[in-house]
Amino acid sequence: MERSVSVVLPDLPTGSYVVYLKVTSERDSNAQSVEQVVKREAADRTENKKLAQVGYA
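Under the numbering used here, the first residue of the sequence shown carries the number 22, and numbering increases by one thereafter.
Worth flagging that the hints you see were computed from the coordinates, not collected in a lab.
Hints should not be assumed to be uniformly reliable.
[As the list claims (entries may be wrong)] Derived DEER-like restraints, expressed as beta-carbon distance ranges:
(1) Val28 - Arg48: 22 to 28 Å
(2) Lys70 - Asp49: 26 to 32 Å
(3) Val28 - Glu62: 33 to 39 Å
(4) Thr35 - Val55: 40 to 46 Å
(5) Asp32 - Glu62: 44 to 50 Å
(6) Ser27 - Glu47: 20 to 26 Å
(7) Lys71 - Pro34: 26 to 32 Å
(8) Val29 - Glu62: 34 to 40 Å
(9) Asp65 - Val39: 37 to 43 Å
(10) Pro31 - Gln57: 23 to 29 Å
(11) Pro31 - Lys71: 44 to 50 Å
(12) Ala64 - Leu33: 49 to 55 Å
(13) Pro34 - Arg61: 48 to 54 Å
All values derive from a computational prediction rather than experimental measurement.
Each residue gets a CB set at the ideal place from its N, CA and C atoms; glycine is no exception.
Using the sequences provided together with the hints, build the complete structure.
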């Protein structure tokens, strides 16, 4: 998965900078668990043997 972002910082002069990001998140309590998602996806994806192995475990 890839994500991109563009930011304009008018107070900084033009140049190259190293930017560090801090990402915070919260678990969506209504979302399915990882185990439920893997089992659901494993049922539909027979070409991925590793996913199927984990999903049926």
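Between the beta carbons of serine 27 and glutamate 47, is the distance compatible with 20 to 26 Å? About 25 Å separates the Cβ atoms of serine 27 and glutamate 47, which means 20 to 26 Å holds.
The hint says 49 to 55 Å between alanine 64 and leucine 33; measuring C-beta to C-beta, is that right? Cβ of alanine 64 to Cβ of leucine 33: about 50 Å, so the range 49 to 55 Å holds.
Cβ-Cβ distance between valine 28 and glutamate 62: within 33 to 39 Å? Roughly 34 Å apart at Cβ, these two residues keep to the hinted range, so it holds.
Quick check: does the Cβ-Cβ distance between threonine 35 and valine 55 fall within 40 to 46 Å? Since the Cβ atoms of threonine 35 and valine 55 sit about 44 Å apart, the hinted range of 40 to 46 Å holds.
Look at the Cβ atoms of valine 29 and glutamate 62 and judge whether their distance stays inside 34 to 40 Å. 39 Å, holds
Holds or violated: the 22 to 28 Å window for the beta-carbon distance between valine 28 and arginine 48? Distance hint for valine 28, arginine 48 holds at roughly 27 Å.
So the hint says 48 to 54 Å: do the beta-carbon atoms of proline 34 and arginine 61 match that? Given about 51 Å between the Cβ atoms, the range holds.
When you take the CB atoms of lysine 70 and aspartate 49, is the distance between them in 26 to 32 Å? 30 Å, holds
Okay, aspartate 32 versus glutamate 62 on CB: inside 44 to 50 Å? 46 Å, holds
C-beta pair proline 31, glutamine 57: status relative to the range 23 to 29 Å that was hinted: The hinted range 23 to 29 Å is violated for proline 31 and glutamine 57, with Cβ atoms some 46 Å apart.
Starting from the range 37 to 43 Å, see whether the pair aspartate 65 and valine 39 falls in it by beta-carbon distance. 42 Å, holds
Given the hint of 44 to 50 Å, check if proline 31 and lysine 71 actually sit that far apart at their C-beta atoms. Holds - the Cβ-Cβ distance for proline 31 and lysine 71, about 48 Å, lies within 44 to 50 Å.
In this structure, the hints that do not hold are numbers 7, 10, in rising order.
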